[in-house]
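Engineer: Which chain is which? The protein sequence lines are D and V, in order. Per the working numbering, the very first residue in the first sequence carries number 77; after that it's consecutive. Per the working numbering, the very first residue in the second sequence carries number 22; after that it's consecutive.
What the hints contain is simulated information worked out from the structure, not anything from laboratory work. There could be a bad hint or two in this list.
Said to hold, decoys possible - Calculated cross-link-like contacts (lysine-lysine; reagent style PhoX-like; alpha-carbon spacing at most 20 Å): (1) Lys87/D x Lys63/V; (2) Lys126/V x Lys63/V; (3) Lys58/V x Lys43/V; (4) Lys118/V x Lys133/D.
The structure displayed is predicted, hence computed values, not measured ones.
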Amino acid sequence: GAGVSQSPSNKVTEKGKDVELRCDPISGHTALYWYRQRLGQGLEFLIYFQGNSAPDKSGLPSDRFSAERTGESVSTLTIQRTQQEDSAVYLCASTPTYNEQFFGPGTRLTVL
Amino acid sequence: GENVEQHPSTLSVQEGDSAVIKCTYSDSASNYFPWYKQELGKGPQLIIDIRSNVGEKKDQRIAVTLNKTAKHFSLHITETQPEDSAVYFCAASGYQKVTFGTGTKLQVIP
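Generate coordinates for the entire structure from the input sequences, incorporating the hints supplied.
Structural biologist: What follows is the structure in structure tokens.
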């Protein structure tokens, strides 16, 4: 079956613009995670969803970051008024339980 | 919260040699420990995992060991091949929250 997909694969934007990143999880996976990965760095947890609720938003770096999820389906991560330090790869993962995470290919965000 | 430390950050081995990556965790409630391999430009992929009721698990050339008392776990790759070159992440998980290590860049020299 299809894996986790993310779009766009690459996004270049100007400082101050808003961006929306999309994640399509594997069908039936109840939990969905967002991570940020700066160049050469590890995975920084941002937020996770159980169904369409977000029990843990502790990783969101600032109030410019928000995310939502529709049911047990698509999720969008929105970054408002982007800054250069937001440049990174944003990874999404879904899981049927709290075990193995299936990662998407990521969205590479570049803020000029 | 959970804290996962991973060492070394980079590792170079000759093809055919073994590679060992070590991680420690802080939260005794963590009970699931996966290892992920990330190739350039791709998302991480699970390669092996272990649960807290098991001390060792092996899958062909890859093995993971877990010491609950000491709160550390290790990844062992034997007979390394050039295609093993990648970044490897350990992780520790309790209920739903997964904390990743900082990654180890493994280079296998032909």
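Engineer: Under the criterion that the straight-line Cα-Cα distance not exceed 20 Å, is the pair lysine 126/V, lysine 63/V satisfied?
Structural biologist: Roughly 14 Å between the alpha carbons, so the hint for lysine 126/V and lysine 63/V holds.
Engineer: Checking one constraint from the list: CA of lysine 58/V to CA of lysine 43/V, max 20 Å. Satisfied?
Structural biologist: holds, 14 Å
Engineer: Starting from lysine 118/V, check that the Cα of lysine 133/D is at most 20 Å away, please.
Structural biologist: holds, 11 Å
Engineer: Quickly compare the C-alpha distance for lysine 87/D and lysine 63/V to 20 Å and report which way the hint goes.
Structural biologist: Holds, at roughly 16 Å.
The structure agrees with every numbered hint stated previously.
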